[in-house]
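**Q** What follows is each chain in one-letter form.
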Amino acid sequence: MSDANPAEMPERARIDHDQVKPRRDSRRRGRGEELQVPEAEFRSYYGRPIIKAPVWKNPDVPLYLFLGGLAGSSSVLAAMARATDRPTLRRAGRLAAAGGAVGGTVFLVHDLHRPARFLHMLRVLKPTSPLSVGTWILSPFATFAAATAATELTGWFRRTGDVTGVAAAAIGPALATYTAVLFSNTAVPVWHEAHRHMPILFGASAAAAGGGAGLVFASVRDNEPAARLAIAGAAVELAIDEKMQHDLGMLSDVYDKGRARTLMRASKTCLVAGALGALVGRRRRWSAALSGLALMAGSALTRFGVFDAGIASANDPAHIVVPQRERLRQRQETTNTPSDRTTPSDRAFA
Amino acid sequence: MGARTWLGEWPMFRQATGPDPLGRGAAVQSPRTKALEARTRDADEVVKSVCPYCAVGCGQNIYVRDGRITQVEGDPDSPVSRGRLCPKGSASTSLVTSPTRVTTVRYRRPYGTEWEDLDLDTAVDMIADRVIDARRRGWQDTDDEGRVLRRTLGFSSLGGATLDNEENYLIKKLFMALGAIQVENQARI
Amino acid sequence: MTNVFEAFSGETPSLSGLLPDPTTDAGWSGDHPKRVGFFTDTSVCIGCKACEVACKEWNLVPDDGTDASDLYRLTGMSYDNTGDLGASTWRHVAFIEDVRPHGTATTGHMPSGLPAITGGAPTRDAATPPPGGGTVDLLALLPDGASGATGGGIVGAHGQQTPDDERDVRWLMASDVCKHCTHAGCLDNCPTGALFRTEFGTVVVQDDICNGCGYCVPSCPYGVIDVRESDGGAHKCTLCYDRLGEGLEPACAKACPTNSIQFGDLDELQAAADARLAELHGRGVEEARLYGRDPDDGVGGDGAFFLLLDEPEVYGLPPDPIVTTRDLPEMWRNAALTAVGLGAAVVAAFWRGRK
Amino acid sequence: MAEAHPVGFQWVMEAKARGATVIHVDPRFTRTSAVADLHVPFRAGADIAFLGGLIHHVLENELDFREYVTTFTNAASLVGEDFLDTEDLAGVFSGYNHETGRYDPISWQMDGAYAAPAAGQRDHWESELREERARFTSDTAGGAGDQAYAPADPERDDTLQHPRCVYQVLKRHYARYTPEAVSQVCGMSVEQFLTVADAITKNSGRERTTAWVYSVGWTHHSVGVQYIRAAAILQTLLGNMGRPGGGILALRGHASIQGSTDVPTLYDLLPGYIPMPNAHLHSDLQSFLDADAAKTGFWGHMDAYLISLLKAWWGDAATADNDFAFDYLPRLTGNHGTYGIVRDQIDRKTFGYFVVGENPAIGHANGKMQRLGLANLEWLVVRDMQMIETATFWRDGPEIETGELRTEDIGTEVFYLPCANHTEKSGTFTNTQRLLQWRREAVHPPGDARSELHFYYHLGRKIREKLAGSTDERDRPLLDLTWDYPTFGVHSEPDPESVLAEINGFDADGNHLSSYTQMKADGSTSGGCWIYTGVYRDGVNQADRRKPGSEQDWVASEWGWAWPANRRTLYNRASADADGRPWSERKAYVWWDEEAGRWTGHDIPDFEAGKPPSYRPPEGATHEDALSGTDAFIMQADGKAWLYAPTGLADGPMPTHYEPVESPVANMLHAEQDNPAREDIVRAWNRLNPSMSDTYPYVFLTYRLTEHHTAGGMSRFLPYLAELQPEFFCEVSPALAQERNLEHLGWATLISARTAIEARVVVTERMKPLRIGDNVVHQIGLPYHWGSNGLSRGDPANDLLGVVMDPNVHIQESKVATCDIQPGRRPRGPALLEFVESYRRKAGVEPGGIT
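Heads up: the sequence lines are chains A, B, C and D, in that order. Sequence positions in the first sequence follow our numbering and run 11 to 360. Sequence positions in the second sequence follow our numbering and run 150 to 338. Sequence positions in the third sequence follow our numbering and run 5 to 359. Sequence positions in the fourth sequence follow our numbering and run 13 to 863.
Derived from the structure by calculation, the hints contain no laboratory data. Note that CB positions come from ideal geometry on N, CA and C, so glycine has one too. Hints should not be assumed to be uniformly reliable.
As the list claims (entries may be wrong) - Mimicking PhoX-like on lysine-lysine, the simulated pairs with C-alpha atoms at most 20 Å apart in a straight line are:
{"id": "1", "chain 1": "D", "residue 1": "K599", "chain 2": "D", "residue 2": "K214"}
{"id": "2", "chain 1": "C", "residue 1": "K38", "chain 2": "B", "residue 2": "K183"}
{"id": "3", "chain 1": "B", "residue 1": "K197", "chain 2": "D", "residue 2": "K559"}
{"id": "4", "chain 1": "D", "residue 1": "K307", "chain 2": "D", "residue 2": "K28"}
{"id": "5", "chain 1": "D", "residue 1": "K532", "chain 2": "D", "residue 2": "K307"}
{"id": "6", "chain 1": "A", "residue 1": "K253", "chain 2": "A", "residue 2": "K278"}
Stated by the list, open to error - Taking CB as the label site, the calculated pair distances span:
{"id": "7", "chain 1": "D", "residue 1": "A480", "chain 2": "C", "residue 2": "S234", "range": "31 to 37 Å"}
{"id": "8", "chain 1": "D", "residue 1": "G415", "chain 2": "C", "residue 2": "L75", "range": "22 to 28 Å"}
{"id": "9", "chain 1": "A", "residue 1": "S149", "chain 2": "C", "residue 2": "L341", "range": "19 to 25 Å"}
Stated by the list, open to error - Derived list of chain D stretches under chain C, where covered just means 3 residues or more per stretch with a C-beta under 8 Å from a C-beta of chain C:
{"id": "10", "region": "299-308"}
{"id": "11", "region": "723-734"}
{"id": "12", "region": "767-777"}
{"id": "13", "region": "780-786"}
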């Protein structure tokens, strides 16, 4: 905070929520309630958001993230299960991969405001666009995963199914982690500033989900790798989440309030419970299944929590102004020049 | 469309083969975008006009296509306004094409509770009758002291500040011939 | 042009940094038109909103004013009732009412070149009677004047106001618009190529391509682009792409009565802006500053830049925006490594597993 | 100006960029204030105190442009000995009749010269006076009579020292308008006042000029004409008239409001500012001309102008034998201004009403009065594009809601006729700088929509057909009328160019006149509006000239056509000194070319081109020949700018500060509280708030916003404009909000003796409480655009206003009045009436009502 002068500009430092005009989109009405402002003083335009919050639909997009993760890790799980001859785990993984991919695609298409134009995604391959890249990950993955699942279910073309299963597995992890880039490559502060954490968070969350699915659907005889994967995923997820929130500093306030807080807390509870359950109860079918469900739920709740936190962050002008001011200040200090050529030191007149 | 053409139209192909590998410009331009042109380009005529709002008198160009106004914007030739318009003047296209504009005669009979339809010619005829009647009833040949007045107070008129000079001229001329002195407009307001 | 690997390895400034010619970078041949843009000089803006209307008229943008009950409502934000840029407001005029102690604002005051008034009344405070012998205790007249500074909602927020106070009121107005960034996050993130850079160096949505994925919306560091509920497409200022082809200037710039919105070749606008800034500084308007003009800022400079009279955030603009694509190579690397890690983790999970 | 005339304001911004100082003096802090170098907030209705203070400053410090003043003004003339000033008579001038509330101006005359009274109310003169002075004068309205002038020159003292010379009289009159007094009355600081005074005096003189720009903020007052007079005095003293960058510029609010005054749809004028004949004085053409036409100056040719007009209207029926049909003109006997007409409507003395392109139910003061007028009509014709409130008063007017009127009881027959818009007809608008610009028709009007030209032409045709063959003498003017314009198209649209050609006029051979100087008084020429003669010169529509501004010099005289004679700046002879040399190179505009023996310059000289500066009129000269080579103000009978107006005004020869009729404070400058000669309408539906009333303690002012247009018919119905200012609101200061517990964006109810309305509250530091003497005055701002129809709706601000008028021009005081403000919404239905009545009772005002 280099410049705010609370004594002189008291009204700028507070946000009067009543003064924030609701976005005219009915879809987004009510988000203002979540709008929270940190204690820091800053100036803004009537407390209004500076950037636009994502217009992505809820639950479509968080579910897509979850299903992508689930499918991605499950595909590898399935391929390894095939290689290590764990048929129920193989079957569970293949079906989860296909289900996740197909379900994810459905949600992705449904999220479009012009769903009939889904195929426009295939006009281009833009390495600068995580969604474009993701489309080109999801498309072959979904094809392979679906083909594999088909062979699994029908029993036809088993050998082909093994090949496509490996192909899906080769792509799967990317499907699980690219969504982190999808979120991080936006101006939403709490997403972008966490761009080093988000891939790990999403990858770990995918592991927990995939492992969880394995626990749910595979027999106790086959489910040990799934349990290990899930426990490891949950552990990493919990750890990286802590680190992320710590590193986010003031921005992490969006995880400490509102629905995001509830979701993240529930997520943690589920992950811990699921991981413990997997650790001690893997060998009992019902406890394995319950643990798996908890892990999957934990994974999904994380995605919902991250999504909600992003919306709150985007709607909070402090999340834009305060860090950017700080960045400017640091830049000025390091260059030791009176700011940019065209920008005078602020409030020189005060 | 041959396969080759189709392929050539596929932006990804153009990305791979052209100077825009990242797909951020030339490669992804759609045929429709490429064909885009200003809608004023195909105007049948550009009619010189003047903004109808305030008295600054900004020049306007009216773009007409197939008997419809497609665009109204400032006339850069005007030394008054140099092509610029305020928000009201800029809304002139909306003004002249407004969907809520009333374009048929509406009639409310005495003590009526609703509008009714009326033929324009009939309406003007009825108004002419009423003018003649009110003129007669409000006629004053002389005042109390016997001085000649030659006038009627039977009806009056308000408005003219947004009308053309030629229109105001006819109003004044007709009312004077009718002996109707009560002609007023916004200039008094 | 550039190639993908050079771009992502940072050998070319395709993703961030100083990029003198984004048009060629986007694959347009070398003889493309010069890059055009807007210079919006808010020091001469009179807040008439002609730009908003002219834009909507030309681009057939629907009105944006009704709320849930389909009524037009005041926002209470001074004379701004359209709120912000969005899918149906491509030019937006911000109004800021700013109160500060007397003498601290240089805008809106007699130029210093004007001779001082000889024998003028000294600056008074509220307690001193005005010249001419006013004797009323003003504070007694104003109920709860001293203690009410923080009460009464917005009234208090302005602090105490008295007839005799010596405060300067500034009313800042600024017409905001899409910045047509050199490094445009919306464009980079668009998965369909609906958003593209034109031969004029501007950033435009192709409505026939856009599938309404909405990715561009949070990608914009300025909060410009948005998806329109009624048609599902993303929309924003096109810098009147269809007019540029005809040699016409954009509708807003053409309408602007005081030439606050200037359209032209970007390099010329930058030179004009620099000159204007120097002029204002010369006149003692110290708070004037350019925003979005520097080609080495976080978005590589804006195609539409501004002269502001206060901090950017006061106008609802981010003080130091960056294009997040700047960090994309790193993000991809991290994601790839994590993906490998995830794969490895799964494999590891099978390590010496008991059957 | 930025607020209501943004595009015109570009020139102010350009001047500012070139170094001009822009000062905005306004009760409100508007968009103009935002970019001005200085905004001076002050109290609405105190302008004459402010302007008088400036005049005082100029005179006291002898800062006037002395050479200009002595050359071009009547500063040296001596005022008659009978004149007594407000200084002598406790706030009124000599000649005031306390019973009638009117002035007898005979004591205001110059020493040794009579000047005719002019603009102002008819029947102004006491009958004995009328007879006494009928030899010299007539009472007329409008501009023309100002110049009627007996030939004798008044006594002069060119040293300006004589105690009765205008300069000294003026100085005494404004002696009490000191900076301290201005500060007290206006609520501005002495420092602010002196800053303005310093800026305008330093920017006037040979090298520099100052311009004043005003709008209805100056005219909408019970002393409105005197506001403009005050500015005229100041500008003349400073030498800012007739010079580039000078002048007093009226910013008018409607596309052709200037044109509708030039070609008047006004009761008291004929085209070209020729007054309407009056029954009392004008029995025939000669008595009219004798009484009204000046003997000297260009008004000396009023006979030619008027006879050409009569020939244009009645053609062959107008002959020398029948006074050129002068008797066909109806006669006036009194005030028939719009508020008088509405009063007569309520009293059912007048039965029919045409409302064309106007929305009085919203846009005129005292909306209830307007709607009561409409409800008492037999028939009403509304011509508009949208369904405006004036057309729908019978179903959704506020009086329906309160129960004062019932739809079933309203007998008014309403014809709503759709009209053509500006793109659907050709014709001229006259803009605020007298520039006629031709619009060409772009498309045909849809459905039943027609131009006014079409409507009135065919209405007249039908009436004439119905009365054809009548032998009634009163129908002669109608049947003899020249009413045969060529028509075209499926709808038989009259040709507007043929109308314009008629307005321009023809000579005896049927050629188009090229100048009003060609008009003759023998009936050989015709012309519908003499000041417009030349607009169709050579058979070419000069108003349609469109040589791009970029291809012309800065005067741009080849774009459109300005009256008179395409002169862009009036009285521009004053831009040169007595010898015809420009006052300075920088300010050169029109000058005498000695070699060529002609006036020349950037503009067309507003002077006889060949009259040298050295010309002195011979004894007995008349018309323009009676004006010397330095008499720049050629329409004046004496060719001088009048610092002191011995005649023509109904409320005094010099502007004097009177409080608005509804004011929260006492007049601190004079004993007389408000304009003693003002006009009232005392009726139950037009109750006035008492001044200095605790019941109505706050000042309010009405105004426009950039985003809307007058009564909203052309803006509230358009989504792009409606969304920009979506609701009716009132602007209040934080201090007032605190005093009355008003919440930002909450509702407030505003109450006057007329009614109560509700508005959204906008609390803003742009509104400022003012210290006026011992009082703190709060002002409330009310944009007046709203009504019950359209996309953006709200209560009409004008409903709050009463009607009280300036005695000269009968314009209402709508820019300042008083009210109370309370938080919350107003009562609905009959409860509203009781609410307003309770206020009236509390304030001691008589009960209201609808009769």
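**Q** Of the hints given before, which are not true for this structure?
**A** 4, 7 and 10
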